[in-house]
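Residue strings, one per chain:
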Amino acid sequence: MRRPPTVIRSIAGATIGFDISDEHLAAVEAAFSFVAPTPEVVAPSDATPAIVYRHEWFRDAMRFLRDDPLRTEEPTPVGTTLDLLVDDLQLSIALHARDTVFVHAGAVVWNGRAIVLPGRSRAGKSTLVDALVRAGATYLSDEYARLTPDGQVAPFARPLHLRTVDGRRLVEPTSIGVVAAEPAEPGLVVLTRYEADARFAPEVVAPARAALAVFDNTVVAEVAPEAATEAAARLVGRAVCVRSPRGDVADTVRAILDLAETIEVPV
Amino acid sequence: MAATRREGLIVQEVHDEVLVFHPERNEASALNQSAAIVFELCDGEHDVDEMRAALDDAGFGPASVDAVWLALDELAAADLIDLTIPPVEHMGRRELLKNLGVGAAAAAIALPVVETIGAPSASAQGSRPSTTVAPTTAATTIVPTTAATTIVPTTLAPTSAPTTAPTAAPTTVPTPFPTVTPTTAPTTAPTPSPTFVVL
Chain S
0 MRRPPTVIRS
10 IAGATIGFDI
20 SDEHLAAVEA
30 AFSFVAPTPE
40 VVAPSDATPA
50 IVYRHEWFRD
60 AMRFLRDDPL
70 RTEEPTPVGT
80 TLDLLVDDLQ
90 LSIALHARDT
100 VFVHAGAVVW
110 NGRAIVLPGR
120 SRAGKSTLVD
130 ALVRAGATYL
140 SDEYARLTPD
150 GQVAPFARPL
160 HLRTVDGRRL
170 VEPTSIGVVA
180 AEPAEPGLVV
190 LTRYEADARF
200 APEVVAPARA
210 ALAVFDNTVV
220 AEVAPEAATE
230 AAARLVGRAV
240 CVRSPRGDVA
250 DTVRAILDLA
260 ETIEVPV
Chain R
0 MAATRREGLI
10 VQEVHDEVLV
20 FHPERNEASA
30 LNQSAAIVFE
40 LCDGEHDVDE
50 MRAALDDAGF
60 GPASVDAVWL
70 ALDELAAADL
80 IDLTIPPVEH
90 MGRRELLKNL
100 GVGAAAAAIA
110 LPVVETIGAP
120 SASAQGSRPS
130 TTVAPTTAAT
140 TIVPTTAATT
150 IVPTTLAPTS
160 APTTAPTAAP
170 TTVPTPFPTV
180 TPTTAPTTAP
190 TPSPTFVVL
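Chains S and R, in that order, give the protein sequences.
Those letters in the first sequence? Residues 0 to 266, by numbering that gives the first Met the number 0.
Those letters in the second sequence? Residues 0 to 198, by numbering that gives the first Met the number 0.
Each hint should be verified, as a subset may be incorrect.
Unchecked claim - Computed list of chain R residues with no C-beta within reach of chain S, every gap over 10 Å:
(1) Val-19
(2) Gly-58
(3) Pro-61
(4) Val-64
(5) Asp-78
(6) Asp-81
(7) Ile-84
(8) Ala-118
Unchecked claim - Label-pair ranges, simulated between beta-carbon atoms:
(9) S:Gly-111 x R:Val-64: 45 to 51 Å
(10) S:Ser-120 x R:Glu-44: 45 to 51 Å
(11) S:Ala-180 x R:Glu-39: 24 to 30 Å
(12) S:Glu-181 x R:Asp-56: 40 to 46 Å
(13) S:Asp-250 x R:Gly-117: 29 to 35 Å
To be verified - Rough simulated footprint, nothing fancy, chain S against chain R, three-plus residues with beta-carbon under 8 Å:
(14) 30-36
(15) 49-56
By construction, these hints were calculated from the structure, which means they are not laboratory data.
Glycine is no exception: its CB is placed at the ideal position from the N, C-alpha and C atoms.
Make a model of the complete structure from these sequences and hints.
Written as structure tokens, this is what we have:
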């Protein structure tokens, strides 16, 4: 039987229970200040969170557990460090958010329109987003495009996670450019992934096929398919969608920004 | 012939095309415009001739009955419709494609295409973090760059070919992205995208 959580917070539209120390909770709230500067405190009488994080002692060490029936039937260890807890929480928020649909995608704003770069892990999203922001685009996210009910792309401006040979490096987006404070209308969806020696040569993708590709990167595709299909169709319906493998990041950035300058968004 | 849409499907229109989710199979399908037209008429009331006429009306004409049958075959393969037909009426897909290979080119028909993928599972989502995590400090010596000021317009070549039909029976899949598993195999993405205006 699940124990009730000690505290409940609403972060980016996801209601999450915590049974962890005050210090860890404060650190978690600080880690998500980019999306929830002051996380909403939810009274246990007002909500029963679908997901709960707790800590426990296991073999003389403290570890965090996630209890999320959407992913696993049994509570799942997520690690012993705060970084691992925060990583896991990001996906949990994406999965449990009820006000927006999260799509695995990098996202920036150029000329007032969002450029969305759907792709799973290791597709090179963060590298491309990093280069786009350094080229003057406004940062939305390197991991999740949050699609609002009215079809806009909202920021999830976490620190950029850049892979290195021995792990990863986190980069504060404000150190490389401007961070979006508000959602933006979609303008361009770019389906791309890194391939050695590839040259970025974008081709327009037909609408349903583009929506299918976005759906394939939607976090709630399996658990909330109606919301996922609707959000994918709405995004594609209001943007131009292109696809190409990419090689050199600098050439790709130039080509994407050129495209964003020249496209005319369907109405 | 009776073709009826499955119950419980989640259907989203995207311009003139359709995205369909099949809850029982946990799959999503993309229907190009000609497949979407036929799908719309799969209500058990319309016959093949009426579907062919609808393709004509939508600008895909003169459409052949084979194009309708191909659409029905694609939709049935994705389990989006229940297709009840006398066996003698139903040619195999290969034969339909063979017939359409020449005819489609002459008639400039955009072949119906249905692409289907499985919905990504919640448990498989996300990227596991690296085992070694660098300190969560920001880069220290990076100066924001200003926006690029000289931009050269890019010429874009659409994959869609609204005015060009396949010249032969399709044999390969049109460069899908990872995990996209088309149920059919035309050589081009034939759906016109008139709303995608590229200057």
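**Request:** Check the non-interface label on Val-64 (chain R): least C-beta distance to chain S beyond 10 Å or not.
**Result:** Its Cβ never comes within 10 Å of chain S, the nearest being 24 Å, so this holds.
**Verdict on Pro-61 (chain R) as a residue remote from chain S, using beta-carbon distances over 10 Å** = Given that every Cβ of chain S is farther than 10 Å from that of Pro-61 (chain R), nearest at about 23 Å, it holds.
**Prompt:** Would you say the stretch 30-36 of chain R counts as covered by chain S, given the rule of at least 3 residues with C-beta under 8 Å?
**Reply:** holds (count 3)
**Message:** Quick check on a hinted range of 29 to 35 Å for Asp-250 (chain S) and Gly-117 (chain R), using CB atoms only.
**Reply:** Check passed, 34 Å falls within 29 to 35 Å.
**Asked** Are Gly-111 (chain S) and Val-64 (chain R) spaced within 45 to 51 Å by their CB atoms?
**Response** holds (49 Å)
**Request:** May I ask you to check that Asp-81 (chain R) keeps its beta-carbon over 10 Å from the closest beta-carbon of chain S?
**Result:** Given a closest Cβ separation of 21 Å, the condition holds.
**Request:** Test coverage of the stretch 49-56 of chain R by chain S using CB-CB distances below 8 Å; three residues minimum.
**Result:** With 0 residues in contact (Cβ-Cβ under 8 Å with chain S), the coverage given for the stretch 49-56 of chain R is violated.
**Request:** Would you check whether the claim that Ala-118 (chain R) is not at the interface survives, using Cβ distances to chain S and the 10 Å cut-off?
**Result:** At roughly 4 Å from the nearest Cβ of chain S, Ala-118 (chain R) sits no farther out than 10 Å, so the non-interface label is violated.
**Asked** Was Asp-78 (chain R) rightly flagged as not at the interface, with every chain S Cβ beyond 10 Å?
**Response** Check passes; 15 Å lies beyond 10 Å.
**Message:** Taking 45 to 51 Å as the stated bounds, is the beta-carbon spacing between Ser-120 (chain S) and Glu-44 (chain R) within them?
**Reply:** Holds, since Ser-120 (chain S) and Glu-44 (chain R) (Cβ atoms, about 47 Å apart) stay within the stated range.
**Asked** Do the beta carbons of Glu-181 (chain S) and Asp-56 (chain R) sit within 40 to 46 Å of each other?
**Response** holds (44 Å)
**Message:** Can you tell me whether the CB distance of Ala-180 (chain S) to Glu-39 (chain R) sits inside 24 to 30 Å?
**Reply:** violated (42 Å)
Hints 1, 8, 11, 15 from the list above are not met by this structure, while the remaining hints are.
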